[in-house]
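Line order of the protein sequences matches chains C and B. Going by my numbering, the residue at position 318 of the first sequence is 318; the numbering climbs one at a time, nothing skipped. Going by my numbering, the residue at position 619 of the second sequence is 619; the numbering climbs one at a time, nothing skipped.
Keep in mind that the hints were calculated from the coordinates and are not lab data. Treat the hints with caution; some may be incorrect.
Claimed, not checked - Short derived list, chain C residues pointing at chain B, Cβ under 7 Å:
id, residue
1, L99
2, E103
3, W110
4, D157
What the hints assert, rightly or not - Pair ranges (Cβ atoms, derived):
id, chain 1, residue 1, chain 2, residue 2, range
5, B, P539, C, P150, 19 to 25 Å
6, B, R80, C, D182, 17 to 23 Å
7, C, G148, B, R80, 25 to 31 Å
8, B, R205, C, T234, 44 to 50 Å
9, B, R80, C, P150, 23 to 29 Å
10, C, S279, B, A96, 55 to 61 Å
11, C, E366, B, G154, 46 to 52 Å
12, B, R80, C, F59, 33 to 39 Å
13, B, R620, C, G102, 55 to 61 Å
14, B, R205, C, R128, 58 to 64 Å
Beta carbons: idealized from backbone N, C-alpha and C, even for Gly.
Now for the letters of each chain:
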Amino acid sequence: MRRLMTILLVAALAAGALWTLGRRREPAVEPGGMSVSQALGGVPQTGFARAVAPRAFRFPADHGPHPEYKTEWWYFTGNLADSAGRRFGYQLTFFRMALAPGEPPRSSRWATNQAYMAHFALTDVNGRRFSSAERFSRAALGLAGAGGVPLEVFLEDWSARETKGAPWSVRLRAAQGSGALDLELVSAQPVVLNGERGLSRKGPEPGNASYYYSIPRLATRGTLSVGGERFQVTGTSWLDREWSTSALSGDQAGWDWFALQLKDGRDLMYYQLRKKDGSADPFSAGTLVAADGSAKPLTRDQVRLVPTGWWKSPHDGARYPAGWRLSVPGEGIALEVVPRLSDQELLTSFRYWEGAVAVKGEGGAELGSGYLEMTGYQPGGAGVGR
Amino acid sequence: MILLRAGLRNLVRHPWQAVLTVLGVALGVAVVTAVDLANQTAQRAFKIAAETVAGRATHHIVGGPTGLPEELYRTIRVGRHFRNCAPVVSADVRVAGRSGTTLQLVGLDPFAEPPLRSFSSRFANGDVLATLMTRPESVLLAAGTARQLGLRVGDRFRIELAGKSPEVLLAGLLEAPDQVTRLGLESLMVTDIASAQELTGRLGRLSRIDLVLPEGDAGSRILAELRPLLPPEATLLPAGARAGSLEQMTRAFRLNLTALSLLALVVGMFLIYNTMVFSVIRRRRLIGLLRAVGVTRREVLWQLLSEALVVGLAGTLAGLALGSLMGQELTRLVTRTINDLYFVVEVRSVPLMPQTLVKGGLLGVLATLAAALPPALEATGAPPRAVLGRSFLEARSRRLMPYAVVTAGVVLLAGFLVLRVEAWGIAGSFAGLFALIVGYALLVPAGVVLLARALRPVLGGLFGTIGRMAARGVLISLSRTGVAAAALVVAVSATIGVGIMVGSFRLTVTSWLESWLRADLYLTSAVEADARRRPPLPPALVERLSRLPGALTSVTRRVTLPTAAGPVEVFAAQVPESTFLSYRFKEGSPREAWESFSRGDALLVSEPYSYRHKLHRGGRVTLPTRLGPRSFPVAGVFYDYGSDQGIVMMSRAGYLRFWEDPGVDGMGFYAGPGVTRDRLAQEIRARVGNERVRLVSNAELRQNTVAIFDRTFAITGVLRILTMIVAFVGILSALMAMQVERARELAVLRALGLTPGQVWGVVTGETLLIGLAAGLLSLPLGVLQALVLIFVVNLRSFGWTMEPYLDPKLLIQAVLLSLAAAFLAGIYPSLKIARLSPALALKEEE
């Protein structure tokens, strides 16, 4: 799915660090100054491992980092509610990025080839509030990093730490300003491998692929702080894990990614890669997980996806779809995906929309919850990163 | 209108004189402008560099001699969730093969930078960040700096730091968001913090942590929270404190330069005054006639002043142009001195600073008008008939002489009194000095009279009538000769005063070095750097060398400790008792101080430190140590001419105990009995192996130190020469004008039968006499100035006492200078007279 994430990551890392460096008199990175192709140079750097064939996943080891690949992420999202039924959404994401292959021995403890970026967003549905924050750090000196068994990934005081091997459980902690979360996630399902046994192809060239697995349901319990108020919450989270050394084909404008947990026990993941001409890339794909945990890949031809309206960002004028009609006729699925709050745009160096959504049926009955990510809608056209 | 034309005519008819006057003003203004430009440029470069590096930081956490532990940064950022902070590892680096280029290496964590600094290359391609972090020893330079060094992105070049000479890669260029930042960036070499640690060898340590705290209570709360985290030797300083204290360091130095440049302007003013006096005298008849036909005083006054203004403007404009040119060179000298004495500052371009030009311009014009006012008032104040008569003027100046002497006495007394008020500081000392100069200048005409009278029989005996005529000529034209001589005296005495001061200082330093440097051989790191920035020697080498058989060794370490009151330089030394006993003390004695000093319980402060901090034997100094702030008793005050900020000296035992820094940056070796210096040097070299160190003999080190001394006074020497040139031009123009003005009188002499040679004799005799008188009269004033410079100005500026030393060569030089100028001044009028037929000359004037 988020194949452009690679680019996003490079661009955002560089742009984020440098935009802020030059921020005093510069409004942002100069338009066109950080084009995607410039950031990636078009060709992946040699020296990194690539996802060429399906691999034998081993857990819990594969929950940990794979530094031989250029990029990797741990993507936690979830819909939560307190005992009074007040609804919340959260996103806590850690991105790892190798600046150069290998890790040559150096004497300074600051030296590293790995950098981390993290995004943290909270949605207070009833309070109609959304906040987002980002952080960057080098993976050195205990400022950021990731370890395998048990899993630990952190950027300063934002972290995801494994607390139990079976069922696999993880504790998330993050705080920024008056927003904070401290959640315990317990997987309610085994790992789901997306694509071809976990190999998610992004293009026709061999190696232009990623390793991609999800845990669509993690029972979640803990505390949230929003605007200084603390809430005891419970709900369901979704974990997406992906690592790759992908190249860029250059004609994508962005993508729309859906992670939906249905009340009937099924989970649906689907990503649509949008080309610059607005059409969906043939490599758009998804996974449908049955209530028993069995997974079935979905291709573009099986899925119909139409925006139901448009929302204009008051922050930057970007026009995002205000909702989607998603149907998988072969599976008897016909859904409306409706944001729980229209403004869930992350005001980070790289801007995108990611937020909690309600899943509704034809008659408006609520069929489930989920998270929706939409990128590439920034003014100025097709460029993903500016 | 007629007046204006008369004035113009006057200029055209005496082009040489006009040129010389304009030149005099120009030189005076040029010197002031150039010095101001140099001062401002150096100061500005430093300030901007400091501000660029500090960015938006409101506070800095700085460590002891070895910096801060890097874990502190993580504790603050992650442990305490205070994220508006950034680590910095910085050091001075030299670009190899370019001895003049010193840059500040700044190691940063680009990811922590956002709240702090506005500079950065905005990395036109995203690879630069990756390169900076992943390729060790990749650095960024400002585009201008790279151009100056002839480097392109991707080039490798060598730098020198920490005793090594590593090769670095120019990975990219720093692009400044604005002009000011661009200037600041020019003295920086930015690198990733990991590379900075590796290059400087300071693994695990940070130079400082920059913080951006909110204002008010919120900031104070965070400060209170952070304070307990700091290791004892760390200090929390508000931003700007460091830059401010460094700026303060050079204040005295800059003030002295400005004062010296003003001296050149004062000399220039005398010159203008003199010129105006002549231009008035020459036209006294015209002025008298105009006044007689009804032109008002005011009109005449305005006319004369506007004439002065024209001269002043022309001179000032030329002076500003010349000053801007000279400023380039002076800036180089000033920054070199600041680099030698104070801190690294790199100036790549000398911009024309409007305020400097305005200052120089105003000063030039106002000085001209001020100097022109008295003669103009005199010419317009007298009744028309009196103005017509020249004898009136001469009679009046003789009549006024007693008043001048009384005024001189009062001004001199006032000068002495001002000098005694210590509270008035450096400015007061210069005010007093200027009062002495002016008072003395008022005495000069009387002095000339006395000398001319005394010399008349001598000249008569030597040259007969011609000699007597020359002596008489000086006396009867006192209204002009007096002023010319006074200008000459002021100019020449200034060169004597500064000369004696520098000579005394040099001698004092030389003899101090003898008591201070006692070892036979000294070993330091091979990196070209002064004592304050010397990197430590490799510990293994120190270990090897400290057990050298047949030799005593001393080890030293010089570090700068940051304190809230500014940086304190600490010199930690382990020296043999015999060496310590040879140190010269101002307060206390080495014998009494030795015991507590060697134990590390007490310390010594240098004379400037004692002066600056009003600290004496028995007082206490508080220093930030590893065990927290610690107060040490002062066991004595010793003479030291190495730093005008003053140093604190402590034994190595104490330093190790309180700072736990085993670093050694200098070693001294004393040959034991029966060991020659060469043998000792061989032994040392054998143990040095491949380490890059420098072994110098006592004599060489002394020579080097004196060479640095000379270098730092190069700027003073240049100013002295410039003042001399102004003086020379002044004398030349004054005496020449005097003689030209006498053309008719000389023609009469020719008509009476004197040969051109004899007229030349009269003219030259007269100018030489004035030159001689002025030369001789400048000697006491010169010595007086030297004494004031040594005992008042220098003491208040730098806290140094020095032994006055009078080099007779300087006095002879001064007299010769005035004689040479006088002699040259006589040539042109004599030639002119010789060429003209007496009849023509008689008709021509008046």
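Now the hints, each set against the structure:
no.	hint	verdict
1	L99	holds, 4 Å
2	E103	violated, 9 Å
3	W110	holds, 4 Å
4	D157	holds, 6 Å
5	B:P539 to C:P150: 19 to 25 Å	violated, 42 Å
6	B:R80 to C:D182: 17 to 23 Å	holds, 18 Å
7	C:G148 to B:R80: 25 to 31 Å	holds, 29 Å
8	B:R205 to C:T234: 44 to 50 Å	holds, 48 Å
9	B:R80 to C:P150: 23 to 29 Å	holds, 26 Å
10	C:S279 to B:A96: 55 to 61 Å	holds, 59 Å
11	C:E366 to B:G154: 46 to 52 Å	violated, 60 Å
12	B:R80 to C:F59: 33 to 39 Å	holds, 36 Å
13	B:R620 to C:G102: 55 to 61 Å	holds, 56 Å
14	B:R205 to C:R128: 58 to 64 Å	violated, 49 Å
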